[in-house]
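Chains A and B are the protein sequences, given in the same order.
Start counting at 1 in the first sequence, then tack on 535, and there's your number in my numbering.
Start counting at 1 in the second sequence, then tack on 85, and there's your number in my numbering.
These are calculated hints, taken from the structure and not from any lab test.
A couple of the hints might just be wrong.
Unchecked claim - Reference listing, derived: stretches of chain A covered by chain B, where coverage requires no fewer than 3 residues with Cβ under 8 Å from a Cβ of chain B:
id, stretch
1, 681-693
2, 939-950
As the list claims (entries may be wrong) - A few chain B residues that don't get close to chain A, going by computed Cβ distances all over 10 Å:
id, residue
3, 87
4, 249
5, 307
6, 328
7, 329
8, 567
Unchecked claim - Sample of chain B residues with no beta-carbon within 10 Å of chain A, all distances over it, derived:
id, residue
9, 93
10, 134
11, 457
Ideal placement from N, C-alpha and C gives every residue a C-beta, glycine not left out.
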Amino acid sequence: MTRRASAALVTVTMLGWATCAAAQPAVDELRIIAPAAPGGGWDQTARVMQQALQRAGLVRIAPVENVPGAAGTIGLARFIGAEAGRRDVVMVSGLIMLGGIVTHHSPVTLHDVTPLARLTGEYEVIAVPAASPFRSLRDLLDAFTARPESISWGGGSAGGSDQILAGLVADAVRVSPSRVNYIAFSGGGESLSAILGGQVSVGINGLAEFASQIEAGTLRALAISSAARLPGVEVPTLREQGLAIDFENWRSLVAPPGLAAADRARLGSLVKAMVASAPWREALGRYRWLDRYLAGDEFSRFAAAEETRVRDVLRKFAAGEDSSGRAPEPYPWLVIAGLLITGALLAPQLFRSMRGHTADRSRRAPVLLLAAAGVLHLLLLERAGFVLAAAVLFWLTARAFDPLHPLRDGLFAIGMSASAYVLFAHVLHLSLPAGLLAGWL
Amino acid sequence: MHTFELLRDGFASALSWAHLLWALVGVSLGTAVGVLPGIGPALTVALLLPITFNLDPTSAFIMFGGIYYGAMYGGSTTSILLNTPGETASIATAIDGYAMARQGRGAAALTTSAIGSFVAGTLATIALTFFSPLLASVALRFGPAEYFALAVLAFTTVSALIGGSLVRGLFSLFLGLALGLIGIDQLTGDARFAFGIPQLLDGIDVLILVIGLFAVGETFYQGWYHGRDTPEVIAMQTFTGMSREDWSRSWRPWLRGTLIGFPLGVLPVGGSVIPTFLSYSVEKRLSTRPEEFGHGAIEGVAGPEAANNAAAAGVLVPLLTLGLPSSATAAVLLAAFEQYGLQPGPLLFSTRPDLVWTLIASLYIGNVMLLVLNLPLVSVWARVMLVPRPLLFGGILVLASLGTYSLNASMLDVVLLFATGAVGCVMRAHDVPLVPAVLGLVLGPLAELQFRRALAISEGHLTVFVTRPLCATLLALSVVVLITPAFFRDRRT
């Protein structure tokens, strides 16, 4: 089964590549890192870039790698650590990463990478469910200024673009952002269902996520964060309603640190060619993204200004927490106390039976072999590569169970590790460390 | 009836040769990625998106639907045979499935899981066909307070899985709860118990804990305690599948699993872990032989497998009717809709009925294909148990490491895998149950987060949990569940 199905996967993949590689592209391979899980905005941006670069014949192959976690800061740290100086890799980033860097006190920032260009932008919309008593932004803000905590704002993860906009709005009506009752949800689906169901008073999200609900009349859009009205979108701007806020969730592209000027210029012109290509322009329309291409020093200046704004508003969010003396959450300490108490009750029994067990000498060899298998595997995985590390793991584990067939086990170890590597790294384009055998497989 | 006509048109379109072919490609791919650890349907669809760009949307979605359902079938295979669940949906299956496989009843376990998946998948697709809008509107009434109450209900229901010794069960549970504390506090964005390690900010993936405790832990345990024993010869008398008794013990769990899985799939609550474990513990509570659970009770495979397929179909309800992605795969499917300029949401059924109904029809067809594809494979798969032990355990560890590394490309995850493996081995050796730790890791953060969200929305008033009727009902139900075991026991003796 696996064989048949993976054969199908190979065929489909090959078909895909074959249609892409018609012309002779200028760049052979450009890896695109999406610092998020499949499905989100950064992942979509990376995959649209992949299509555009390949279909426009600019790059022969542009594999996307997902490095999810902590608003992109984990991807950022890895990008800086593992890719420094490389000229064949770029990473998607943007406003949300700025927020993540502040919220998660990231040791690395966007100053540590080479900025390339801003690519797209998405405006944010403030909306309420159709049944809400708030008919306009004015209604909402009146209630909010009268008693800020009574309005619950639902949106994406803490420190993200939705929370930043909530803070900017509060700031504009002279309410401290620390008094915004912001309810963070993970991901668009969760927050959208809370907003639709009227679980929160008001919701903030990107225009694309809200568009079909607004069209269907299940949500009433109170304001959009663009500077002027958008054609075809009958939603008043924040400016029209007296709040001097322009805000967009922009996405950009960065290259690794330590790049030579020539390489930076080469990547820059590649991006420029991509945003002008027909496949990219088509994709912008499909995803309702705005073309916000901005490169060079202008982009650097823009990013610096945005960083100041994000830091400023997120600091105000946090400011209230210390002064109000928020009570420490009891839950974590209850859990830890429970663990310690049950652990203390169990420990004597465990030690007693453990001592009896380790006295038995005949069992030492397998234990030592298994421990060696695990430790060597961990040491070798990123140094010597997956194939060698996995073969060592397999062989030593097999030794622990059976000392009689070292050769047979060895052959199986190498065969399985190598074929797993080929399947994952070459057919599925998932990143596994190649290590010492990089040139061979 | 209107729905019937639309569905008939859908079938007419789905039964064309081209669409059938794409459905077949989808279900085959799905089964394959379900079997491979670390690659789920979400990643597969994301990988295929650029390739399917030139396909018409209907064909692409038929294929994606096939991948999605197929992965749910394939996921149980490694769970049952290798104790290595490839997706969170098949964790519960591993408990009794692996025990059955070790007794030479792997074929029966695989058969009941395939047929259960088919039954649940088909029934849930019927429910999806006829009740989507209704269900979606009910799902919207669930706010943080209700989700908290649901988590409490899940806690009390699965307390049956704590096992014989209360201290051991509670220790395992607290271990899972403590691991669940690690990571970003989602409500405030502050790091908790991350010890300055950025990779810990997103918490510990439940799949790593499960593969570590179950697959790696079992390998270590077998090596340590039985490494040099002559392996017991597994009696393979039954390659053929299920006996008459297996059938009569399976069909009720299939139906109950469907009933539990589908509604919980519609509600975006903690993926498919909760429905599968709820089904497992319900089966254990209702069984006349609860002592067999954990040692190869076929109900413990039939129920959760049905529940996970029904939940998978349930996830499509909010996706198609409201445009709400409630799982990783649903989020990728949503992105795929957008690639074609389609907006799933309240208007999709009226703007593109052809696509929606063809997709739904192809889900029925895909289910039949999966059954036809998987049943003959059962006896092939079951022979995995004949692989000599050294090679089997070596292979399990390599697969575990491979799957873990490809989740996030993080070395720390692999370190955690082997560390939890060592812990799992010690726990196994001293009869500390492993399942409560998994439940703690899944349910703890969910309960805490929703509790605090509910309090934040109500400005700190605890009354929110009793004044909302739905929430109060669920909490009352939890109390009932907590009391009934005593009642059942009395009646039985």
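Hint numbers not upheld by this structure, sorted from lowest to highest: 5, 10
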